[in-house]
Amino acid sequence: MAQMAMLIDTSRCLGCQACVIACKAGRELLPEERWVEIREVVIGRFPELRGAFIPHRCFHCRNAPCVQVCPTGALYKQDGLTLVNFDRCSGCGYCVEVCPFGVPKIIDGRVSKCPSCIDLFQMGQEPWCLQTCPADVMVCGPREKLLAEARARVAALRERYPNAQIYGDTQMGGLAIFLILTEPPEVLGLPPQPQVPPLAIWKNGVQPLSLGALVLSVVTSGIAFFIARRRHLEEKNGAIQVSEVLSSSPDTEGESSSSHDTKGE
Amino acid sequence: MAHQATRLVLRYRLGQRLVHWIHTVAFFILLITGLALIWPPLSFLAAGGLSRLLHRVAGVVFLLTPVLYALMDFRGLRDLVRDSFTYTRRDLEWLKGFPGYFLGRTSHLPPQGRINAGQKIHHALTIISYFAISGSGLLLWLAKGSLGPTGLLITTIVHDLSMAVMAVLTVGHIYFTLVYDALPAMTTGYVTEGYARMEHRLWLESLPQEPPYVIETRGIEMQEAVPESSSTPMGEKAAG
Numbered sequence: 001m002a003q004m005a006m007l008i009d010t011s012r013c014l015g016c017q018a019c020v021i022a023c024k025a026g027r028e029l030l031p032e033e034r035w036v037e038i039r040e041v042v043i044g045r046f047p048e049l050r051g052a053f054i055p056h057r058c059f060h061c062r063n064a065p066c067v068q069v070c071p072t073g074a075l076y077k078q079d080g081l082t083l084v085n086f087d088r089c090s091g092c093g094y095c096v097e098v099c100p101f102g103v104p105k106i107i108d109g110r111v112s113k114c115p116s117c118i119d120l121f122q123m124g125q126e127p128w129c130l131q132t133c134p135a136d137v138m139v140c141g142p143r144e145k146l147l148a149e150a151r152a153r154v155a156a157l158r159e160r161y162p163n164a165q166i167y168g169d170t171q172m173g174g175l176a177i178f179l180i181l182t183e184p185p186e187v188l189g190l191p192p193q194p195q196v197p198p199l200a201i202w203k204n205g206v207q208p209l210s211l212g213a214l215v216l217s218v219v220t221s222g223i224a225f226f227i228a229r230r231r232h233l234e235e236k237n238g239a240i241q242v243s244e245v246l247s248s249s250p251d252t253e254g255e256s257s258s259s260h261d262t263k264g265e
Numbered sequence: 001m002a003h004q005a006t007r008l009v010l011r012y013r014l015g016q017r018l019v020h021w022i023h024t025v026a027f028f029i030l031l032i033t034g035l036a037l038i039w040p041p042l043s044f045l046a047a048g049g050l051s052r053l054l055h056r057v058a059g060v061v062f063l064l065t066p067v068l069y070a071l072m073d074f075r076g077l078r079d080l081v082r083d084s085f086t087y088t089r090r091d092l093e094w095l096k097g098f099p100g101y102f103l104g105r106t107s108h109l110p111p112q113g114r115i116n117a118g119q120k121i122h123h124a125l126t127i128i129s130y131f132a133i134s135g136s137g138l139l140l141w142l143a144k145g146s147l148g149p150t151g152l153l154i155t156t157i158v159h160d161l162s163m164a165v166m167a168v169l170t171v172g173h174i175y176f177t178l179v180y181d182a183l184p185a186m187t188t189g190y191v192t193e194g195y196a197r198m199e200h201r202l203w204l205e206s207l208p209q210e211p212p213y214v215i216e217t218r219g220i221e222m223q224e225a226v227p228e229s230s231s232t233p234m235g236e237k238a239a240g
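Residue numbers (my numbering), protein chains in the order written: chain A, 1 to 265; chain B, 1 to 240.
It is worth saying that the hints were derived from the structure and are not from the lab. There could be a bad hint or two in this list.
To be verified - Keeping only pairs whose Cα atoms sit at most 25 Å apart, straight-line, the calculated SDA-like set for lysine to any residue is: (1) B:Lys96 / A:Gln122; (2) B:Lys144 / A:Phe86; (3) A:Lys105 / B:Tyr175; (4) B:Lys96 / A:Ile107; (5) A:Lys203 / B:Lys96; (6) B:Lys144 / A:Ile223; (7) A:Lys105 / B:Ser136; (8) A:Lys105 / A:Met123; (9) A:Lys77 / B:Leu53; (10) A:Lys203 / B:Trp141; (11) B:Lys144 / A:Thr132; (12) B:Lys96 / A:Phe86; (13) A:Lys105 / B:Lys96; (14) A:Lys203 / B:Ile157; (15) A:Lys77 / B:Lys96; (16) B:Lys144 / A:Ile107; (17) A:Lys105 / B:Gly15; (18) A:Lys203 / B:Gly118; (19) A:Lys24 / A:Pro100; (20) B:Lys96 / A:Pro100.
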């Protein structure tokens, strides 16, 4: 499948929360779970109020930090999406620490975040959130086509919202679910350019190094053992011979040291 | 020759041996359940959260080992620390001769006390990695949710690297135990006098030559190896 993408045009969102409920019901989430949330942001002072409804959900980063730290491979990338194999999740919570959007949670001992409705895509359908939206906020399709569409919409929106812009075209290597915003992201509670440290050096650097050191030490010791064992037995049995010879002599006082000194020469 | 008495030297008391094996079990549980997060073929252990529970239980035991040692045999712990951090000129000489020791020879090495120079290095590294792995492990356990990406990265790297140091040290520990027949020290508590003389001569000489430090037994351990070597020329051994 191609790189899946979804455009969320927040200028159209009514804040009705239907997508939240549709996702919860359609994906049969636990009572405390929500994979989609809509947050209302109010800007300015009365009577000059502006505002927006901002989705708080997994944006499926191309360079997904959660995937980079997931120790068991429960989180993984496929078709541009960040998918979840819930059976593999250990509930370690590393993804919770690194997500720049604060999206994943650990609920009932395993990760809870939107794993995308890839099963619906595969059946030629669309995600629950999109299906239920009464305001056509969301569009699914090939990423390049959606980006072109978004640029056209932003150009039109600028007349009414001078700060209208696309969010997610470049952030985190590109978000598979990207937004049209009517205000700058920082005003709406989104990080303008989210940064994470080079997490890949852990899984791709430190871990192979550690495992490599362990394997190398086992192999080296395994080979050296046969040599060392033979040489040790030679030496030990030699030492016994020496001490036997010496113990038969009347001078027992200097036995141990003299036997060692002779060998040490 | 098979009926000759063997003199055995007490190396570790019962409390010391118990602490050693409790620590060993905890260490290997930690190693295996920890590798489940690094080595994909083992990751099935992590899936249900079972390995996490085991890791934490074993982690507490591991962390408390020094306390347990102090409670069971305080003198043993005190001597261990003192002997491990008393360095002499002989230790440097010994370390220069380490390659030969690695390959099974001791005759070229200066006589050592209860803890040889290699063990001193081993103990120092073990103590450093004990604190590094315990500290980072407690952070990963108790500070979960407040580490942030950079904190998580640093903590996991410290945890992994100290694991690697400990695991490699353990491989070396097992290796030297098997090469030099040192296992009885931690099972029966006694080593043969021949072993003690070869590896820890100064220690042997400092011990009272009487029970329970030195006992005599009608053992056959030492005799087993003799037939192979009775033909070994003396000159060859000295050259090695």
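Hints, verified against the model:
Distance hint between B:Lys96 and A:Gln122 is unfulfilled; the C-alpha atoms sit about 67 Å from each other, more than 25 Å. Between B:Lys144 and A:Phe86 the alpha-carbon distance is near 20 Å, which keeps this suggested pair within the 25 Å criterion. With a C-alpha separation of about 45 Å, the suggested pair A:Lys105 and B:Tyr175 falls outside the 25 Å cut-off, and the hint is violated. At roughly 56 Å between alpha-carbon atoms, B:Lys96 and A:Ile107 are farther apart than 25 Å, so this suggested pair is violated.
With a CA separation close to 37 Å, the supplied pair A:Lys203 and B:Lys96 exceeds the 25 Å bound. Between B:Lys144 and A:Ile223, the direct Cα distance comes to roughly 42 Å. Violation of the 25 Å bound is thereby established for this hinted pair. Under the criterion of a C-alpha separation no larger than 25 Å, the hint pairing A:Lys105 with B:Ser136 is consistent with the structure, at around 22 Å. This hinted pair does not check out: A:Lys105 and A:Met123 have alpha carbons roughly 28 Å apart, beyond 25 Å.
A threshold of 25 Å between alpha carbons decides the hint, and for A:Lys77 with B:Leu53 the separation of about 28 Å lies outside it, so the pair is violated. Annotation: proposed proximity of A:Lys203 to B:Trp141 holds, straight-line Cα distance about 19 Å (limit 25 Å). For the hint pairing B:Lys144 with A:Thr132, the CA-to-CA distance comes to about 36 Å; that exceeds 25 Å, so the pair is violated. The straight-line distance between the Cα atoms of B:Lys96 and A:Phe86 is roughly 54 Å, outside the 25 Å bound, and the hint therefore fails.
For the hint pairing A:Lys105 with B:Lys96, the CA-to-CA distance comes to about 54 Å; that exceeds 25 Å, so the pair is violated. A hinted pair counts as satisfied when its Cα atoms are at most 25 Å apart, and A:Lys203 with B:Ile157 qualifies at roughly 9 Å. For the proposed pair A:Lys77 and B:Lys96, the alpha carbon gap of about 52 Å is over 25 Å, so the pair is violated. Simply put, B:Lys144 and A:Ile107 have alpha-carbon atoms about 14 Å apart, close enough for the 25 Å limit, and the pair holds.
For the hint pairing A:Lys105 with B:Gly15, the CA-to-CA distance comes to about 45 Å; that exceeds 25 Å, so the pair is violated. Distance check on the hinted pair: A:Lys203 and B:Gly118 sit about 32 Å apart at the alpha-carbon level, beyond 25 Å; violated. Between A:Lys24 and A:Pro100, the direct Cα distance comes to roughly 23 Å. Compliance with the 25 Å bound is thereby established for this hinted pair. This hinted pair does not check out: B:Lys96 and A:Pro100 have alpha carbons roughly 52 Å apart, beyond 25 Å.
Hint check: violations occur at hints 1, 3, 4, 5, 6, 8, 9, 11, 12, 13, 15, 17, 18, 20; the rest are consistent with the structure.
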